[in-house]
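Generate coordinates for the entire structure from the input sequences, incorporating the hints supplied.
There are 2 protein chains.
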Amino acid sequence: MLAKIHITLKKDVLDPQGSVIANSLKSLGFDNVRDVRQGKFIELEIEGKDRDTATKQCNEMCEKLLANLVIEDYSVEIES
Amino acid sequence: MLAKIHITLKKDVLDPQGSVIANSLKSLGFDNVRDVRQGKFIELEIEGKDRDTATKQCNEMCEKLLANLVIEDYSVEIES
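From first to last, the protein sequence lines are chains A and B. Going by my numbering, the first sequence opens with residue 0, and the numbers climb by one from there. Going by my numbering, the second sequence opens with residue 0, and the numbers climb by one from there.
Please note that a few of the clues may not be correct.
Identical copies look the same in the list; a pair holds intra-copy or inter-copy alike.
[What the hints assert, rightly or not] With a cut-off of at most 25 Å between alpha-carbon atoms, the simulated BS3-like pairs for lysine-lysine come out as follows: (1) K39 / K63; (2) K25 / K48; (3) K25 / K3; (4) K10 / K63; (5) K9 / K39; (6) K39 / K10; (7) K63 / K25; (8) K39 / K55; (9) K25 / K39; (10) K55 / K9; (11) K55 / K25; (12) K3 / K39; (13) K63 / K9; (14) K48 / K63.
If you are wondering where the hints come from, they were derived from the structure by calculation, not from laboratory data. No experiment lies behind these values; they were computed from the predicted model shown.
So, in structure tokens, the structure goes:
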């Protein structure tokens with residue numbers, strides 16, 4: 000199964016990388032862009048047949064390694 | 000409108016960061032994980048009412064600034 004994991008900064012955490020992107024886009028002429036936030040996107044193949052187990056495992060991976068829960072949120076989607 | 004942009008390495012480009020994540024997950028006991036790929040996820044607010052224009056603008060942003068088209072692919076989703 001293919002797992003797609005999004006890791007994003009929590010809403011109230013400053014995102015300097017996002018601000019730099021927003022400024023660069025503005026200087027390129029994209030004036031109608033606001034609130035740029037950059038996050039991580041991780042795709043992985045997980046062996047097994049049970050969707051629920053896979054989701055549980057991915058949540059565990061995020062909590063143990065992939066995300067910093069103090070400042071980041073994560074979401075997991077499983078595609079078979 | 001909210002634009003969600005995924006930027007991923009092309010399939011045949013080596014992803015050392017993904018390999019490191021895969022190894023770390025294995026050492027944590029997640030033995031059934033393969034093919035980890037890490038990409039970027041960018042969310043931005045784009046002013047305007049026309050979905051097609053917004054999509055076109057986001058494609059342009061990817062081509063001019065956000066993605067390195069030699070090694071990366073991108074995809075754009077617009078949510079209103």
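| said: To test your reading of the hints: which numbers does this structure violate? | reply: none
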